[in-house]
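Participant: Given the coordinates of chain V, work out where chain G should sit on it, guided by the hints.
2 protein chains.
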Amino acid sequence: MAHDFIAGIDIGGTKIAVAVAAASGEIFARYSVVTDAAIPPETVMGGLLEKLERMAEANEGRLVAIGIGCPGPLDRERGLVLAPPNMPRSWWQFPLRAYVEERTGLTVVVENDANAAALGEHLYGAGRGHKDLVYLTISTGIGGGIIADHRLVHRVGEAGHVTVRPEGARCGCGARGCLEAECSGTSIARRAQEYLLAGGASSLHSVHPVTARAVIEAVREGDELACAVWRETIELLAIGISSIIAVLAPESVILGGGVSAGAGELLFGPLRQELKERVRIVPLNSVEIVPAALGTESGLYGALALVSQRAGKD
Amino acid sequence: MAHDFIAGIDIGGTKIAVAVAAASGEIFARYSVVTDAAIPPETVMGGLLEKLERMAEANEGRLVAIGIGCPGPLDRERGLVLAPPNMPRSWWQFPLRAYVEERTGLTVVVENDANAAALGEHLYGAGRGHKDLVYLTISTGIGGGIIADHRLVHRVGEAGHVTVRPEGARCGCGARGCLEAECSGTSIARRAQEYLLAGGASSLHSVHPVTARAVIEAVREGDELACAVWRETIELLAIGISSIIAVLAPESVILGGGVSAGAGELLFGPLRQELKERVRIVPLNSVEIVPAALGTESGLYGALALVSQRAGKD
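For the protein sequence lines, the chains are V and G, in the order given. Going by my numbering, the first residue of the first sequence is number 1, and it counts up by one from there. Going by my numbering, the first residue of the second sequence is number 1, and it counts up by one from there.
Bound conformation, chain V alone:
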């Protein structure tokens, strides 16, 4: 008899990761592709769905449900991608759920990627046992997901768009000085480039292109310009996170995504310090600031979690 497998698809601006897992969430096989603006979403998804079916077969099983995390904003009810600033234009208005349902005939659940990742960390990661938590992913963009009273808040809220610098950079969303516009991987790289153009000495002058990863490496090597960019990053992150804590007073703030994973204690140490200054009204010792336990796979586990719970209940 074939095993019943679930599939998770974590769509991102940089890559799209997929996995086949048991209903418990235990992953049997993984695969990923780079997000390519030149390839239409139908082609990308079509290829990935075939791959998932083959992965299930190779493990002597068949797929029964598919969970998908996708950058917001999206129309969750209709499973429709709206106009996510961090996805290629070809994805805008793509009827994601309808397409996958028609192709597979399976149960398909689509959720904002950061919401899915919050659920992943809540069920399998750093958020286990916490009633109220906020998950922030710091990668190409910054997304946020909220768990309240052990349940995912299915709203279109986007915590990455709290204002951290009122007259700051124009954000992909159209507003100014959003957390995402100042502290996402892309934005850290942009601020570093501004510092470099202003003419400071730095090892980063010989790096092309300058990425958040390159900035973090230069910080580790003690590069002064990179350290200044990083201090500013921590300060801006602390402003944004303190606003989120003020509104929600969660038990835990979990930071995931490539930038958080890459920086590690270089991020968490100074951030906790800076938050002591910025968070006063809510007792900060009641809020833990921790790395995502699933690393860069919070979103993938979250995509699985969208249907694993459902699969478990059926």
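Since the hints were made in silico from the structure, they are not lab data. As the structure is a computational prediction, the values presented were derived from the model and not from experiment. From the three backbone atoms N, C-alpha and C, an ideal C-beta is built for every residue, glycine too. Hints should not be assumed to be uniformly reliable.
Said to hold, decoys possible - Pair by pair, the computed Cβ-Cβ distance ranges are: (1) 283/V <-> 46/G: 27 to 37 angstroms; (2) 89/V <-> 285/G: 16 to 26 angstroms; (3) 101/G <-> 273/V: 34 to 44 angstroms; (4) 201/G <-> 217/V: 55 to 65 angstroms; (5) 57/V <-> 151/G: 43 to 53 angstroms; (6) 26/G <-> 285/V: 39 to 49 angstroms; (7) 15/G <-> 288/V: 32 to 42 angstroms; (8) 228/V <-> 46/G: 57 to 67 angstroms.
Facilitator: The following block gives chain G in isolation, referenced to the frame of chain V:
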């Protein structure tokens, strides 16, 4: 036979209002006193409880439950006032619920004042029928209450403490540039005084003390300095409210408190305009920005709502 009445007590930094009502929330009698730092909370509350009993008797009834809204932070579980920056020090650590329970022998429910007001507007005011809303009271301080999925979120979150000006004024909470530190009635007056000290011509030079109310009156008369202070107020409010909308994506943002009520369209018109610039990721046409329908009595109705629901269920 005596009627069963409920009582509501709305404690604030400026005044304390009480009411006696039917279980439905219909108010039969009101009373209020000015908050006086020199009078200990036991004396104030003792006097008000006697007054409430007499008001109930005068309407041929007796009290069965008391709902109390009080400025946060407070320990809701224990009904204990903690250290609210907008209340006299004499109230800090006051065991509010225990005191009222012992004095009356009745059911007593204590809640953060802005939470209570959010509930009041949700049940009786501008928020009727809305599933998800945020209530902000702009008065001595700025408090916020959240209704999610028709239920009051009983958290210690304080939406008035989102950061709107990272290097701004020191807030009562200890942090910098909180919404409350820039846009509360007290803070509007402080900013106006700073403008006056900087030497601009203004009718406000002859007003002592300069209050938010005086600033609003001067704006109506076209005073240029007051208009500059007001434009800044709107901008800072829009920054804070846009961050709250980003996190929560509510259906409705209800603004109450003395400043909102006093300013009316002088506030709402330009604020809606400014929010169009600042709120992009969440479709702003899905979020209404409206005045509290209960005016300055949202909190009083909210205090009643804390026990009216309960009374209704018993």
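Participant: Run every hint past the structure and note whether it holds.
Facilitator: Going down the list of hints, with the structure as the test:
1. 283/V <-> 46/G: 27 to 37 angstroms: holds, 31 angstroms
2. 89/V <-> 285/G: 16 to 26 angstroms: holds, 23 angstroms
3. 101/G <-> 273/V: 34 to 44 angstroms: holds, 42 angstroms
4. 201/G <-> 217/V: 55 to 65 angstroms: holds, 56 angstroms
5. 57/V <-> 151/G: 43 to 53 angstroms: With a Cβ separation near 46 angstroms, residue 57/V and residue 151/G satisfy 43 to 53 angstroms, so the hint holds.
6. 26/G <-> 285/V: 39 to 49 angstroms: holds, 44 angstroms
7. 15/G <-> 288/V: 32 to 42 angstroms: Roughly 39 angstroms apart at Cβ, these two residues keep to the hinted range, so it holds.
8. 228/V <-> 46/G: 57 to 67 angstroms: holds, 59 angstroms
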